[in-house]
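So you can see what is in the structure, the chains are spelled out below.
There are 2 protein chains.
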Amino acid sequence: MTAPAPTDPVLAEVFSYLEQHGSKFVDDLCQLLRIPSVSADSQFASDVRQAAGWLVEHLQAFEGEGLEVELIETPGHPLVYAESPPVPGAPVALVYGHYDVQPPDPLDEWTSPPFEPTERDGNLYARGATDDKGQMLTHVKSVEAWLATVGKLPLQVKLLIEGEEEVGSENLEAFIANNTVKLACDCVVVSDTAQFAPGIPAITYGLRGIAYYEIHLTGPNSDLHSGVFGGAVTNPANTLHKMLAAITDDEGRIQLPGFYDDVAELTDREREQFRELPFDEQAFQDQLDVKGLTGEAGYSTLERRWARPSFDVNGIWGGYQGEGAKTVLPGRANAKFSFRLVPNQDPKKITASLRAFLEPLVPPGITMELIDYHGAPGIAMSLESPYIEAAADAIETGFGSRPVFMREGGSIPIVNTFAEQLNADVLLLGWGQNDDNLHAPNEKFCLADFHRGIRASAALWRQLARRKAEGGRREN
Amino acid sequence: MTAPAPTDPVLAEVFSYLEQHGSKFVDDLCQLLRIPSVSADSQFASDVRQAAGWLVEHLQAFEGEGLEVELIETPGHPLVYAESPPVPGAPVALVYGHYDVQPPDPLDEWTSPPFEPTERDGNLYARGATDDKGQMLTHVKSVEAWLATVGKLPLQVKLLIEGEEEVGSENLEAFIANNTVKLACDCVVVSDTAQFAPGIPAITYGLRGIAYYEIHLTGPNSDLHSGVFGGAVTNPANTLHKMLAAITDDEGRIQLPGFYDDVAELTDREREQFRELPFDEQAFQDQLDVKGLTGEAGYSTLERRWARPSFDVNGIWGGYQGEGAKTVLPGRANAKFSFRLVPNQDPKKITASLRAFLEPLVPPGITMELIDYHGAPGIAMSLESPYIEAAADAIETGFGSRPVFMREGGSIPIVNTFAEQLNADVLLLGWGQNDDNLHAPNEKFCLADFHRGIRASAALWRQLARRKAEGGRREN
Chain S
19 MTAPAPTDPV LAEVFSYLEQ HGSKFVDDLC QLLRIPSVSA DSQFASDVRQ
69 AAGWLVEHLQ AFEGEGLEVE LIETPGHPLV YAESPPVPGA PVALVYGHYD
119 VQPPDPLDEW TSPPFEPTER DGNLYARGAT DDKGQMLTHV KSVEAWLATV
169 GKLPLQVKLL IEGEEEVGSE NLEAFIANNT VKLACDCVVV SDTAQFAPGI
219 PAITYGLRGI AYYEIHLTGP NSDLHSGVFG GAVTNPANTL HKMLAAITDD
269 EGRIQLPGFY DDVAELTDRE REQFRELPFD EQAFQDQLDV KGLTGEAGYS
319 TLERRWARPS FDVNGIWGGY QGEGAKTVLP GRANAKFSFR LVPNQDPKKI
369 TASLRAFLEP LVPPGITMEL IDYHGAPGIA MSLESPYIEA AADAIETGFG
419 SRPVFMREGG SIPIVNTFAE QLNADVLLLG WGQNDDNLHA PNEKFCLADF
469 HRGIRASAAL WRQLARRKAE GGRREN
Chain D
19 MTAPAPTDPV LAEVFSYLEQ HGSKFVDDLC QLLRIPSVSA DSQFASDVRQ
69 AAGWLVEHLQ AFEGEGLEVE LIETPGHPLV YAESPPVPGA PVALVYGHYD
119 VQPPDPLDEW TSPPFEPTER DGNLYARGAT DDKGQMLTHV KSVEAWLATV
169 GKLPLQVKLL IEGEEEVGSE NLEAFIANNT VKLACDCVVV SDTAQFAPGI
219 PAITYGLRGI AYYEIHLTGP NSDLHSGVFG GAVTNPANTL HKMLAAITDD
269 EGRIQLPGFY DDVAELTDRE REQFRELPFD EQAFQDQLDV KGLTGEAGYS
319 TLERRWARPS FDVNGIWGGY QGEGAKTVLP GRANAKFSFR LVPNQDPKKI
369 TASLRAFLEP LVPPGITMEL IDYHGAPGIA MSLESPYIEA AADAIETGFG
419 SRPVFMREGG SIPIVNTFAE QLNADVLLLG WGQNDDNLHA PNEKFCLADF
469 HRGIRASAAL WRQLARRKAE GGRREN
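Chains S and D, in that order, are what the protein sequence lines are. Sequence positions in the first sequence follow the numbering used here and run 19 to 494. Sequence positions in the second sequence follow the numbering used here and run 19 to 494.
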């Protein structure tokens, strides 16, 4: 799967630069991967800063071509920011990525050390290879190629690379809210997800949201003997089961009043596209070792995972959990649970509905504490967006295949922030694979995908520049 | 509440010995309480054996007075057995107790460490203080007092003290079945329950049974990302809540088919006796810090606790239980739960009904493992037994008040075995209090009750000796 050389002579020149510098780009990526920029662990604080410094220095090589580069301090790890000069009439693209990585534990499960990038079978193994140093660097390298050959980009590109994605992006959230003029753009480009499958590149145009809770039910002031008290004293563990069971009916439909009112239904076009994806349900079951799947009636497995709300108990604890039989009536019972939300559902409304639903279910003798952890709405970009079309063309040029359009069941809270604060389309152009082991030992990135991603990114600037800037770009 | 000195000169002499040795008896109890004889946890196996050894050594001090002492090995923890010489014409009393204790968890809720007996406000705090080391020792000490003063007991007393009461008494069950001649007796005396209230000693004539289970629900082969998989992969924690919630209706009535078919209903006399007991429902709630009680409609709180079946979840665990929000779809969810049974209900029938009830509720993608831990039927003794009358007189002598007749919600499976295998009346003479925290942190035993219990036990030998041996004593 190699894309043919572009017929566009400007892009051909850029691609020729990419061809010549391919192995240098891998060396650059290895340099960055050797820096253990683990944001969650304060022991690595100076490494995280070193990774930011490496990026700044790398980008500063093109200050002569008008690229302005900044290291922006935050209360936490710094942001790396760069922008090319404005191009009147062309849209503005903001690239978002991150240079921090997950902790590498458990270390003994790595075949080669996490911070010594090692090539095996066409893959580069290292912590951060796919998440997100490798994917993020594709855009840095495409910018470099344009500047080194054409001398300028065909549209204004803004690069915003943070060091706290793996710990919640709190400081970036604040920075975006306070810098909507600086960051104003027509579309945001994020490469931090996966292709649909090997050979099937994808544009992810939708994400589910989340509403996450913890419930504590308190009954008697200590664990009681279930023989002496059972049957007369309300048992918080019995109550927990009644309450959580009441949240769904026997088909898994969520029973909170109004829960489905705002749910954006899938369009016929979307359902058809999902149906056409080569998803092997038996292989999916085999991989998970389960003998069957369940979910909301009337929807396929991909629809359930990507575009329908769901309810999952994430953890439970209370009473005696040790060996053998202990006859206690527990004083407390606890659970963590969450709803996955789809576009138009408002986590705040869900919380209010949940509270109103659960409160009448609390029986005499039990006190409920409900903790609202965090919420994010689901999001779906319009498939009619000219920028999505531009991205599809660019991917076809870079990868040699037209991408499929998919959604993801997880949440990327920062994507909501970009969409809401910058009023911009967000293009999730994932170059990774589903078995890249992100957040796990032996994280990897396919080197062919690295080079295809750089080509697709280089083509993206060309394709986006052909689309007119939208009137709606936020300037205040 | 101190009983007047007995007018009976023999008993007066015994009581005088008790008076002189009271503080020595407490020291002895503390020695035994310091041994962490937790039978449920194999880490404590040598401590359990040490407790048995302590008892044997303690009893061997009276071998000169004809007490024969044995350590009897079993496939599990050993039995301690002692018997005094036969007394023709007098009945034979078998004292049953246990030297093993419940696990002490949760450790951080103990004010003083569970295996460092500590006196506060007239109570001795330690794991096993009331259940059953303290109560069991009252009979050892009354035997000691008779032998040390009179030189012999007025009837034959057999002491049978086991180390597996908290894990189901399996080996003792087998021992009794194989040794009905050795253990032949007219009545069995057990002090492992509570008085009705402070100042109101009681004879417990009925116990609930139990059927205890552990359930493991297994879904996917590891914890999954609840965003990527939620809604399509069956969540074992969601399933657990559905299954356990289905066991009762909204009024707490157990839904297993046939569950209530064999339930022995309370007689009008029993219900009237219960109603006359000075039970303060508000004080009961206040003591537990609960704002209300719930239970089966149509029954009082005492009836629910003592004579109606119940369902309690005893422990739950699965998924993420740490700090904060982790979006996992857990691979497993687990619970321990139990039913309390009343006379005529058969635990084997309950297990069959439970299995038949749960199996159809297991959804595709989930595997259920149901472990049947142990079961025992409920029991109720006849209030007309002459030995119950003797016990009431002895308690009046020891405590200074006539006992009330009550039932208990807990189970002592071995009591069923004694009644069935030895054809003997079982006298449940509880010296504890309801707030003794048995099976919970800060277990305690009132030291005044310890001393009253010893006196009542000493008087019991005298009172029982005055009743003729029953013709029905089993000799085969």
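Hints were generated in silico from the structure; no laboratory data involved. Treat the hints loosely; a few may be bogus.
A pair counts as met if it fits within one copy or between any two copies, since identical chains are not told apart.
Unchecked claim - The calculated BS3-like cross-link candidates involving lysine-lysine, where the alpha carbons are at most 27 Å apart (straight line), are:
1) 486 <-> 170
2) 170 <-> 367
3) 309 <-> 176
4) 170 <-> 260
5) 200 <-> 344
6) 260 <-> 344
7) 486 <-> 367
8) 42 <-> 486
9) 42 <-> 260
10) 366 <-> 486
11) 200 <-> 486
12) 200 <-> 366
13) 366 <-> 309
14) 309 <-> 42
15) 344 <-> 309
16) 366 <-> 176
17) 260 <-> 176
18) 366 <-> 170
19) 366 <-> 42
20) 260 <-> 367
21) 486 <-> 309
22) 367 <-> 344
23) 200 <-> 260
24) 367 <-> 200
25) 366 <-> 344
26) 176 <-> 344
Hint-by-hint comparison with the structure:
When the C-alpha separation of residue 486 and residue 170 is checked against a cutoff of 27 Å, the pair qualifies only within one copy, where the shortest distance is 18 Å, while the shortest distance between copies is 110 Å. In this assembly of identical chains, residue 170 and residue 367 lie within 27 Å of each other by CA distance neither inside one copy nor across copies; the values are 47 Å within and 79 Å between. Taking the closest pair of Cα atoms, residue 309 and residue 176 never come within 27 Å of each other, the shortest separation being 46 Å inside a single copy and 58 Å across copies. For the homomeric pair residue 170 and residue 260, neither the shortest alpha-carbon distance inside one copy (62 Å) nor that between copies (59 Å) is at most 27 Å.
Taking the shortest Cα distances, residue 200 and residue 344 never come within 27 Å of each other, neither inside one copy (60 Å) nor across copies (32 Å). Both within a single protomer and between protomers do residue 260 and residue 344 lie at most 27 Å apart by alpha-carbon distance, with minima of 22 Å and 23 Å respectively. For a Cα distance limit of 27 Å, the shortest separation of residue 486 from residue 367 qualifies neither inside one copy, at 37 Å, nor across copies, at 77 Å. For the homomeric pair residue 42 and residue 486, neither the shortest alpha-carbon distance inside one copy (34 Å) nor that between copies (97 Å) is at most 27 Å.
Proximity of residue 42 to residue 260 under the C-alpha cut-off of 27 Å is found in neither arrangement, the shortest distances being 55 Å within a copy and 52 Å between copies. Proximity of residue 366 and residue 486 under a CA criterion of 27 Å is satisfied in neither setting, with 36 Å inside one chain copy and 77 Å between copies. For a Cα distance limit of 27 Å, the shortest separation of residue 200 from residue 486 inside one copy, 20 Å, qualifies, whereas the shortest one across copies, 101 Å, does not. With identical chains, the CA atoms of residue 200 and residue 366 are never at most 27 Å apart, being 29 Å at best within one copy and 72 Å at best between copies.
In the homo-oligomer, the alpha carbons of residue 366 and residue 309 never lie at most 27 Å apart, since the shortest distance is 36 Å inside one protomer and 30 Å across protomers. Within a single copy, residue 309 and residue 42 get their C-alpha atoms no closer than 43 Å, and across copies no closer than 65 Å, so neither meets the 27 Å cut-off. Taking identical chains as interchangeable, the C-alpha atoms of residue 344 and residue 309 lie at most 27 Å apart only when they sit on different chains, with a minimum of 26 Å there against 33 Å within one chain. For the identical chains of this complex, residue 366 and residue 176 are neighbours neither inside a copy (32 Å) nor across copies (69 Å), given an alpha-carbon limit of 27 Å.
In this homomeric assembly, residue 260 and residue 176 never come within 27 Å of each other (Cα to Cα): the closest approach is 50 Å inside a single copy and 49 Å across copies. In this homomeric assembly, residue 366 and residue 170 never come within 27 Å of each other (Cα to Cα): the closest approach is 45 Å inside a single copy and 79 Å across copies. For a Cα distance limit of 27 Å, the shortest separation of residue 366 from residue 42 qualifies neither inside one copy, at 46 Å, nor across copies, at 66 Å. Taking the shortest Cα distances, residue 260 and residue 367 sit within 27 Å of each other both inside one copy (23 Å) and across copies (25 Å).
Taking identical chains as interchangeable, the C-alpha atoms of residue 486 and residue 309 are never at most 27 Å apart, the minima being 51 Å within one chain and 67 Å between chains. For a Cα distance limit of 27 Å, the shortest separation of residue 367 from residue 344 across copies, 22 Å, qualifies, whereas the shortest one inside one copy, 41 Å, does not. In this homomeric assembly, residue 200 and residue 260 never come within 27 Å of each other (Cα to Cα): the closest approach is 50 Å inside a single copy and 50 Å across copies. Within a single copy, residue 367 and residue 200 get their C-alpha atoms no closer than 32 Å, and across copies no closer than 72 Å, so neither meets the 27 Å cut-off.
Only between protomers do residue 366 and residue 344 lie at most 27 Å apart by alpha-carbon distance; the minimum there is 20 Å, versus 40 Å within a single protomer. Neither within a single protomer nor between protomers do residue 176 and residue 344 lie at most 27 Å apart by alpha-carbon distance, with minima of 58 Å and 29 Å respectively.
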